[in-house]
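Chain residues, written in single-letter form:
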Amino acid sequence: MNARRPPQLDLDELVGDPGTRVIVCCGSGGVGKTTTAAALALRAADQGRCAAVLTIDPARRLAQSLGLRELGNHPHRVATGDGPGSGELHAMMLDMRRTFDEMVYAHTSQERAAQILANPFYQTISSSFSGTQEYMAMEKLGQLVAAGRWDLIVVDTPPSRSALDFLDAPQRMASFLDGRTIRLLSAPARAGGRGFRKLATAGFGLFAKAVSTIIGGQLLKDAAAFVQAFDTMFGGFRERAKATYELLRADGTAFVVVASPEPDALREAAYFVDRLATEGMPLAGLVVNRTHPVLADLPAPRALAAAEALEGNRATPLAAAVLRLHADRVEIAERERRLLARFCGAHPAVPVVGVPALPGDVYDLDSLREIGRRLTGS
Amino acid sequence: MISAEWPAELARARLHVVTGKGGTGKTTAAAALALALAVGGRRTLLVEVEARQGIAQLFDQPPLPYEEKRIAVAPGGGELRALAIDPDAALMEYLAMFYNLGFAGRTLRRMGAIEFATTLAPGLRDVLLTGKVKECVGRTDSTGRHVYDAVVLDAPPTGRIVRFLDVTKAMADLAKVGPIRSQSEGVVRLLHSEDTVVHLVTLLEDLPVQETLDAVTELDAADLRPGAVIRNRVRPSRLAGRALTAAAAGRVDEERIRAGLAEAGLDLKPDVVDGLVAETVAHATRAKVQAAALTRLDEAGLPSLELPELTGGVDLGGLYELVEALTAQGVR
Numbered sequence: 001m002n003a004r005r006p007p008q009l010d011l012d013e014l015v016g017d018p019g020t021r022v023i024v025c026c027g028s029g030g031v032g033k034t035t036t037a038a039a040l041a042l043r044a045a046d047q048g049r050c051a052a053v054l055t056i057d058p059a060r061r062l063a064q065s066l067g068l069r070e071l072g073n074h075p076h077r078v079a080t081g082d083g084p085g086s087g088e089l090h091a092m093m094l095d096m097r098r099t100f101d102e103m104v105y106a107h108t109s110q111e112r113a114a115q116i117l118a119n120p121f122y123q124t125i126s127s128s129f130s131g132t133q134e135y136m137a138m139e140k141l142g143q144l145v146a147a148g149r150w151d152l153i154v155v156d157t158p159p160s161r162s163a164l165d166f167l168d169a170p171q172r173m174a175s176f177l178d179g180r181t182i183r184l185l186s187a188p189a190r191a192g193g194r195g196f197r198k199l200a201t202a203g204f205g206l207f208a209k210a211v212s213t214i215i216g217g218q219l220l221k222d223a224a225a226f227v228q229a230f231d232t233m234f235g236g237f238r239e240r241a242k243a244t245y246e247l248l249r250a251d252g253t254a255f256v257v258v259a260s261p262e263p264d265a266l267r268e269a270a271y272f273v274d275r276l277a278t279e280g281m282p283l284a285g286l287v288v289n290r291t292h293p294v295l296a297d298l299p300a301p302r303a304l305a306a307a308e309a310l311e312g313n314r315a316t317p318l319a320a321a322v323l324r325l326h327a328d329r330v331e332i333a334e335r336e337r338r339l340l341a342r343f344c345g346a347h348p349a350v351p352v353v354g355v356p357a358l359p360g361d362v363y364d365l366d367s368l369r370e371i372g373r374r375l376t377g378s
Numbered sequence: 379m380i381s382a383e384w385p386a387e388l389a390r391a392r393l394h395v396v397t398g399k400g401g402t403g404k405t406t407a408a409a410a411l412a413l414a415l416a417v418g419g420r421r422t423l424l425v426e427v428e429a430r431q432g433i434a435q436l437f438d439q440p441p442l443p444y445e446e447k448r449i450a451v452a453p454g455g456g457e458l459r460a461l462a463i464d465p466d467a468a469l470m471e472y473l474a475m476f477y478n479l480g481f482a483g484r485t486l487r488r489m490g491a492i493e494f495a496t497t498l499a500p501g502l503r504d505v506l507l508t509g510k511v512k513e514c515v516g517r518t519d520s521t522g523r524h525v526y527d528a529v530v531l532d533a534p535p536t537g538r539i540v541r542f543l544d545v546t547k548a549m550a551d552l553a554k555v556g557p558i559r560s561q562s563e564g565v566v567r568l569l570h571s572e573d574t575v576v577h578l579v580t581l582l583e584d585l586p587v588q589e590t591l592d593a594v595t596e597l598d599a600a601d602l603r604p605g606a607v608i609r610n611r612v613r614p615s616r617l618a619g620r621a622l623t624a625a626a627a628g629r630v631d632e633e634r635i636r637a638g639l640a641e642a643g644l645d646l647k648p649d650v651v652d653g654l655v656a657e658t659v660a661h662a663t664r665a666k667v668q669a670a671a672l673t674r675l676d677e678a679g680l681p682s683l684e685l686p687e688l689t690g691g692v693d694l695g696g697l698y699e700l701v702e703a704l705t706a707q708g709v710r
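From first to last, the protein sequence lines stand for chains A and B. The opening position of the first sequence corresponds to residue 1 in the numbering used here, with each subsequent residue numbered one higher. The opening position of the second sequence corresponds to residue 379 in the numbering used here, with each subsequent residue numbered one higher.
Excised from the complex, chain A in its bound form (with noise of 0.2 Å):
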């Protein structure tokens, strides 16, 4: 049984390692991700190194414990007290709207870059859009990097409905913005039909007009005018996002799937797994959190006999709740092993470590370094 144990992923030897100058966590929504990224952080700061965790949407309290309650969508350091190393920990959470207005005024002159924020369709985008969350943790990313100001910066991902939406999203969203679609649909609003012969069929016209009914004509000219704004914009854009891309697969960068013991998160991790081999980017290996491993050494049946048999007798109730107990915790850990055994007969080559579960919750930094000190078997 030894020989098929997974490969021990160690996240010590990562963080410490001076190459390693970009983490990114991922898995599903509520697996902790965010505690990960926040205690990986940390874990490098005590080891000596400068880092920086981009958050996403952290818990309140585990917010508060970083200090992020403050504004500003840059990175402030976190008073770290008297941790073992000499490094730091800075820290933020992302304002996705900031950050996407700062993009514009990057790529743009102000006048025009005014006219964009105050268009109708910009505040949708820039705050609903479906991969707006992700494209701008990605753009954030590049601009910490850019700065070169951390040694090591550990990001968290978006709560995507899915793991994967998270390398797709800003792509899609700057194929949506450059797409012919908007052209087409927008150009009636515009041109009042005209100069819409030559590129549509009798079939999209008519769809056209079907999706005006639908969302409105005003909807359409504020569309059509954004994406006019837009249009000089485009290749920065474009660049941009191609750049992060790139980043992402560069030497120094290293994926951390995060997943739970249950089947969707495992599922979801392996999805994940295969897809990064899929676009060439570097996985470090998997974490699974809050996991329950057995402590003691004693046979689930051979604790429910004894449980058994102290049944009725009033001066051991202790022993026999303890012994069941045990018992309950060798079947959860025989569960969780079980799913575990699923990902790991597909996927060899993938590093794990599980992190025993914190009987409470996680929302201060001593116990971030007691999640460090398990995510690092330590």
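These aren't lab readings, by the way, just hints derived from the structure by calculation. Everything numeric in this text was worked out from a predicted model, so none of it was measured. Ideal Cβ placement from N, Cα and C applies to all residues, glycine included. Wrong hints could be hidden among the right ones.
Estimated spans, in silico, between C-beta atoms of each pair [stated by the list, open to error]: (1) Pro385/B / Leu304/A: 35 to 45 Å; (2) Leu304/A / Arg517/B: 42 to 52 Å; (3) Asn313/A / Pro453/B: 34 to 44 Å; (4) Pro299/A / Ala637/B: 19 to 29 Å; (5) Asn313/A / Arg538/B: 46 to 56 Å; (6) Arg541/B / Gln64/A: 24 to 34 Å; (7) Asp95/A / Arg559/B: 29 to 39 Å; (8) Asp95/A / Gln431/B: 27 to 37 Å; (9) Asp438/B / Gly72/A: 43 to 53 Å; (10) Thr623/B / Glu311/A: 16 to 26 Å; (11) Arg541/B / Ala309/A: 55 to 65 Å; (12) Asp10/A / Arg674/B: 34 to 44 Å.
If the Cβ cut is set under 10 Å, some of the chain B residues that face chain A in the computed set are [as the list claims (entries may be wrong)]: (13) Pro535; (14) Gln588; (15) Val667.
Mind docking chain B on chain A? Use the hints.
Here is chain B on its own, set in the frame of chain A:
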């Protein structure tokens, strides 16, 4: 039978929206509820809207097509059907009702025109999804009877639920006249009526409970009706009162354990006993967290249902165990 966990106003509802923080087991809870509501010869529909194919995976079936499909049989006779709504297909379905697009429709779909339209007006996607749900809730057969006794919607997570259901707001983005507008007015009526309740699935942990409480406030503010809180994966506490409190504080009477083990004929090495003690502390700490979460959850003042942790994991057999638990708490 009326129970505090499942009062008459919940039993009367025809649309059960199930939401919860990511990772709390929303889909499993929704499926168990849909099956429990079908018990005894009724027919229910379980709907998903996020293109995850979570239902198919749970019932160990190939991906669901965009059509209602019989997926399971409820205890005591009763039928569960399932539907995965695809917003693109739903938009095409709408358009086809009013415009004859013919082949052009399919071409446009390939070009991504639908995605474009739903992207341009993000509310449109939600209106289409809820519109399809409304159609299922209201559908009647030739005798005028409802085709489904109840519809259960595996909805987006708590963070997005109000935006998803607040069709009125979404419609502000859209044209002031036209087929979708009149359709959506019917959706608004249904969602804000006594026929609709929004159940919240949570784990007994700090963060999910906080999100649940926040969601209840948001639902109230949007004039949407919270239904029951469904506490998922609740683990039994093996320790009683004082021993639990002591163990959670790290105090475990090792001598008493050792004596009890000897009594049962177990002679264990010291490191095994240490392991048992550590497991006991972890168990007690978690039980305390559960109890505290439960107390906070009571603030919401909602009816609440409990689903046990399935130590073996959720498979079809496990799902029926959950159905039994719901039925025992009065769900029907």
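Taking the hints in turn, this is what the structure says about them:
no.: 1; hint: Pro385/B / Leu304/A: 35 to 45 Å; in the structure: holds, 39 Å
no.: 2; hint: Leu304/A / Arg517/B: 42 to 52 Å; in the structure: holds, 51 Å
no.: 3; hint: Asn313/A / Pro453/B: 34 to 44 Å; in the structure: holds, 38 Å
no.: 4; hint: Pro299/A / Ala637/B: 19 to 29 Å; in the structure: holds, 22 Å
no.: 5; hint: Asn313/A / Arg538/B: 46 to 56 Å; in the structure: holds, 53 Å
no.: 6; hint: Arg541/B / Gln64/A: 24 to 34 Å; in the structure: holds, 25 Å
no.: 7; hint: Asp95/A / Arg559/B: 29 to 39 Å; in the structure: holds, 34 Å
no.: 8; hint: Asp95/A / Gln431/B: 27 to 37 Å; in the structure: holds, 33 Å
no.: 9; hint: Asp438/B / Gly72/A: 43 to 53 Å; in the structure: holds, 49 Å
no.: 10; hint: Thr623/B / Glu311/A: 16 to 26 Å; in the structure: holds, 24 Å
no.: 11; hint: Arg541/B / Ala309/A: 55 to 65 Å; in the structure: holds, 57 Å
no.: 12; hint: Asp10/A / Arg674/B: 34 to 44 Å; in the structure: holds, 39 Å
no.: 13; hint: Pro535; in the structure: holds, 7 Å
no.: 14; hint: Gln588; in the structure: holds, 7 Å
no.: 15; hint: Val667; in the structure: holds, 6 Å
Hint compliance for this structure: no hint is broken.
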